[in-house]
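So the sequence shown is numbered by our numbering: it starts at 159 and just counts up by one.
Treat the hints with care, as some may be off.
Here are the simulated DSSO-like cross-link-like pairs (lysine-lysine), alpha carbons at most 30 Å apart as the crow flies [to be verified]:
#1 Lys234 x Lys160
#2 Lys201 x Lys160
#3 Lys216 x Lys160
#4 Lys262 x Lys201
#5 Lys160 x Lys262
Derived by calculation from the structure, the hints in this document are not laboratory data.
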Amino acid sequence: LKALAEELVRGGYLARVHIGLDYFDASINRVAAWVIGTRAVLKALLMALLEPSAQLRKLENAGDYTARLALLEEIKTLPVGAVWDAYCQRQDVPLGEQWLAEIKAYESRVLSQRV
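Input sequences plus hints: build the corresponding full structure.
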């Protein structure tokens with residue numbers, strides 16, 4: 159998923175691609191599976207969008223593989239979590255695992271009524 163997001167961003171394909179999601183795990187709640195999967199895709203896209211692709215491409219084209227590798231290592235510790243939290247706050251959606259409480263309430267209120 160991460161590699162797919164990186165390729166979509168690096169290649170400039172985001173505007174031309176539709177990403178279809180189909181998450182199913184019979185052992186867990188379907189709504190939870192959908193939320194987990196959707197958030198995973200969004201996080202992968204966020205990480206790819208935060209990557210300094212132009213700088214990496216410039217280093218590669220210049221043949222400076224040492225600097226490219228060093229930058230790739232630095233990317234691993236970028237503060238993606240802080241950016242993700244800010245995104246969630248702007249979208250008015252729960253941070254971290256807070257969404258799980260809403261799923262549990264839904265299970266209790268709605269799903270428990272189904273036969």
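Hints versus structure:
no.	hint	result
1	Lys234 x Lys160	holds (12 Å)
2	Lys201 x Lys160	holds (9 Å)
3	Lys216 x Lys160	holds (22 Å)
4	Lys262 x Lys201	holds (23 Å)
5	Lys160 x Lys262	holds (28 Å)
Comparing the model with each earlier hint shows no violations; every hint is respected.
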